[in-house]
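J.: Below, each chain spelled out in residue letters.
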Amino acid sequence: MNPRISYIAANTFREAVRDRVLYNLIAFALLLVGAAILVGQISIDIERLVVINLGLTAVSLFGMLIAIFIGIGLVSKEIEKRTLYTMLSRPVRRWEFIIGKFFGLAGTLVVNTFFMAVGVFAALLYVSHHLQRPDAWLLVALYFIILQFLMITAIALLFSSFSSPLLSAVFAFSLFVIGNFAEDLRGFAAMAKGLTRWLATGAAYVLPNFSALNVISSVAHGEAVSRQLVFYNSVYALFYAALALCGAVLIFERRDLK
Amino acid sequence: MTAIEIFGLEKTFSVGFWRKRPRRALRPLHLSVEEGEIFGFLGPNGAGKTTTLKLLMGLVFPTAGTARILGMEANDPRVKAQIGFLPEQPYFYDYLTARELLEYYAQLSGVAAKDRRKKVEAMLQRVGLTDAGDIQLRKFSKGMLQRVGIAQAILHDPKVVFLDEPMSGLDPMGRREVRDLIEQLKKEGKTVFFSTHILSDAEALCDRVAIIHLGELRSVGVVADLTSSMHGKVELIWQSAVVPASIRALGAECHVTGDTVRAVLAEDKQDAAIDALRRERLRLVSVTPVRATLEDYFLQNLGTENAPSEVMA
Chain S
1 MNPRISYIAA NTFREAVRDR VLYNLIAFAL LLVGAAILVG QISIDIERLV VINLGLTAVS
61 LFGMLIAIFI GIGLVSKEIE KRTLYTMLSR PVRRWEFIIG KFFGLAGTLV VNTFFMAVGV
121 FAALLYVSHH LQRPDAWLLV ALYFIILQFL MITAIALLFS SFSSPLLSAV FAFSLFVIGN
181 FAEDLRGFAA MAKGLTRWLA TGAAYVLPNF SALNVISSVA HGEAVSRQLV FYNSVYALFY
241 AALALCGAVL IFERRDLK
Chain X
1 MTAIEIFGLE KTFSVGFWRK RPRRALRPLH LSVEEGEIFG FLGPNGAGKT TTLKLLMGLV
61 FPTAGTARIL GMEANDPRVK AQIGFLPEQP YFYDYLTARE LLEYYAQLSG VAAKDRRKKV
121 EAMLQRVGLT DAGDIQLRKF SKGMLQRVGI AQAILHDPKV VFLDEPMSGL DPMGRREVRD
181 LIEQLKKEGK TVFFSTHILS DAEALCDRVA IIHLGELRSV GVVADLTSSM HGKVELIWQS
241 AVVPASIRAL GAECHVTGDT VRAVLAEDKQ DAAIDALRRE RLRLVSVTPV RATLEDYFLQ
301 NLGTENAPSE VMA
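These protein sequence lines are chains S and X, in that order.
Numbering of the first sequence is given in the working numbering, commencing with residue 1 and proceeding in unit increments.
Numbering of the second sequence is given in the working numbering, commencing with residue 1 and proceeding in unit increments.
For reference, chain X alone in the conformation it holds in the complex (with noise of 0.2 Å):
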């Protein structure tokens, strides 16, 4: 079944203070995302992830289109009770203790009183916030507020989450511990649904991804398909204190360590740089093909569209 639908979804808003003028933050988007996936929403800041993740939590309007979560329409009260939304940098009521704030938001899910306390206990140790449960949120430290935001999240069981960079500003210890949370998530069959620039989170985690620049969708799939329609490269490791010229002239990316040279070129050179390997008589180690990443596809298909600084991180 299909756990998300968006149908020609766009936004334009309206900025400036006397001369309104259009700026369109979404052009039309079409996207489904079938049940128990991950999908990853990835682009560069400013791309329209954020606005898409609004639009489907109702908390901005569409210029046109619909979206329909769970086979119903998205704004529809039946749909909220069953997704939980971790917003991009979270901000709670920092009055409330952990404790209060899951109290809180599990009445307002319709969680049953019977099953509050229970389910709210439950969740701060699974975030592992039990400890900190009783201490108001103004003190807790940037990641301990994004456990609580993942907490929140997921306190109600809900059957498809939404996270808006949940890795974002988390040590590598912090962004581990999300990506255990969002398998174990696929694991208790919910439906992922995550946006990010941080790439290397992307491939490690979704079943598919989605690019998405400038507003406008640029590719949907498995990562591996995306990146397998990349130029391909290779890597040559040989022993020499020396990378030979006609190497060079090959358009090799060369590093000399000690007496190995490591040298990354276009895998349709790489007959041509073997042969010149044996005619200058040197020992080759090894050729290994180089797997192309999301980075590289954001590079090569995006990097030119003022992106790259803001896509790696």
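Okay, chain S solo, but in the shape it has when bound (with noise of 0.2 Å):
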């Protein structure tokens, strides 16, 4: 990697790292993770779904709320307290700004996700003594989990290179909300008529799907998840991911820094 990406990235990180907010988070999904082994302990038979369910949706909804909001101020915050003045002086292209920054946030998230899934497999362990081969699904699980991840950060950044964080905050917000329900979006574009299926499709293909990469439900019930899943997951979620990162360095290219 160009070395001035991975100094920002670093130093992203560390920002992260030193940030209370991303322990705020982190800690609430810690108690969503205890509180799923309560709640396994009073449903019979159905524990491991429980915890399972609970488990990974705390690390989802926590890791996408760290993203979106340290996310959304990776760029706009630079500009407004003008410590990019001092860094676009030095021999840093503003693309390698951008990389960077989204390099040093998504290291973030990995690491935070991977200590919320040694909580979620320790939640599981307590909950059925022991670990099976099924379980195995929910690292794909965590898998899907961290490219949604990547996705919303370039989403956040694409927004931050031109808004103000609050705006960034509502617009990635709601794409992930949307982006939740792309499923139920292509079912409504398929049985529309006219216009309306012409702007329900168009929408249904440029809004970011996280519903595909949500197989929670599934892996929580056994189920095995298709290598041409996983395949084609991972090139749809680089893929938008990288298309909303070129959005974000093409602005900020352009962008004056009053």
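Calculated directly from the structure, the hints in this document are not laboratory data.
In this text, all values refer to a predicted model and were calculated from it rather than measured experimentally.
Careful: at least some of the hints might be erroneous.
Claimed, not checked - Some chain X residues flagged as far from chain S (calculated, every beta-carbon gap over 10 Å):
| # | residue |
| --- | --- |
| 1 | Trp-18 |
| 2 | Gln-107 |
| 3 | Gln-152 |
| 4 | Gly-189 |
What the hints assert, rightly or not - Take a look, some chain S residues computed to stay more than 10 Å from chain X by CB distance:
| # | residue |
| --- | --- |
| 5 | Ser-89 |
| 6 | Val-118 |
| 7 | Gln-132 |
To be verified - Listed below are several chain S residues computed to face chain X (Cβ distance under 7 Å; list not exhaustive):
| # | residue |
| --- | --- |
| 8 | Arg-4 |
| 9 | Arg-18 |
| 10 | Leu-257 |
Ideal placement from N, C-alpha and C gives every residue a C-beta, glycine not left out.
Assemble the dimeric complex from its two separately framed chains, guided by the hints.
T.: Right, here's the structure in full:
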């Protein structure tokens, strides 16, 4: 990797690690995992199902919140606080800054997911006393969750490159919610007619499809995830994140830092 | 060799939310700064100084014109490795310590890994922050932040240093330290381009100055040349407790202290004033030419254009 990108990524990681918001969200996520144990204990025969569902949902939801709340400030906060002035007066290209920021936050989220996943597995071990072979699919669900994080981080960066933190948060969070209903939007598009069909189909393709990346429920039931889905989801998520990043770079390359 | 060349650089911003309208921040600017010079870029607040610096740093894009630094396009990454920049009222990553910040900037500036630590320590010592090196910047005072700002600007041993209002907000000691540092940079052969609205600093430091007002370059030159073009004044001191009416009639500003009168009046009224004192049989103590300052220059040339209160600090 370009050394400047890795330096910016490392500093972004350091910033996130020293941000109190991160620890508050992790604490809430771990509390939710703890709650899953309690709920699991009073759910006869479906303890594992409850722990996996609640645990992975907590990992996903709080990771998304971290991605959005830290991601939206990555560029706009630097402009607002003018820390960018001393960055860009060095041999740092604007695209290197954006990509470095992306990798820094993505790295934070991967490390964060790792620790929360350890919590989920510990909770699972606690309620069922042993891990089963189908539990390996949890790793695929976690991989998909990380793919979602990459997408939402790129989206948050895109909004952050031209908008205020507040508006960026609203836009990114809206896309996150809509993206979780992407399959429903596609279903609606298939049933609609005329202009509505075109608009709904267009929106379904443009908006991020997070529901395709959500296999929590099926892995909780011990169902396998096909290799094909892993491949398509990987290509889709990485392509979507790359496109959003390109958009962020294009906007930021032309932006006056007033 | 010319360190900085600016050819017709101009900037117009769009202001307003719904109905965008143009606001001209900088009219076509032509300027050149020689290597090894301390060049002062002067003007009241809102004159276009920071916009010019931002254009040179590639933080905003020009509406027209170009700039070259050390013979290369200002936006060339090779140039960026050879320049240092201190923004106005700098703000840094406050979750970092001064040492961490300087190490980070050294990395980004391409300082070799083996030299990095040594350079950072030397720079902390140079700006007097060795003991505060491991304190997070959020706990720093304004003066300390300014020192960090200067340290990051010269850390990588740049050939040209751009300082935007480096003395702004500093106490007299801090200002003195920054002045010494700028002089030291000149001794090291660096070119220093600094903007200020504190005229005494510019007078004390600059080889040449440019004066900008309302986005337009008004004059460039050596301070003494600029001020010598102004109508001079003389100071007359004589022994008396009263000011003769004939002296007042010449438009003199008079101050009486005990049995001494100090009067400042236009140079061309000097002979008439001395004649008047002779007629009154008063004892003349001294006649001294009053050197015009940059402040006088500002007041005379820009003072009527909505500036004086901001110009003088």
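J.: Determine for every hint whether it applies to the structure shown.
T.: Hints and how they fare:
| no. | hint | result |
| --- | --- | --- |
| 1 | Trp-18 | holds (17 Å) |
| 2 | Gln-107 | violated (4 Å) |
| 3 | Gln-152 | violated (6 Å) |
| 4 | Gly-189 | holds (21 Å) |
| 5 | Ser-89 | violated (4 Å) |
| 6 | Val-118 | holds (26 Å) |
| 7 | Gln-132 | holds (43 Å) |
| 8 | Arg-4 | holds (6 Å) |
| 9 | Arg-18 | holds (4 Å) |
| 10 | Leu-257 | holds (4 Å) |
Of the numbered hints stated above, those contradicted by the structure are hints 2, 3 and 5, listed in ascending order.
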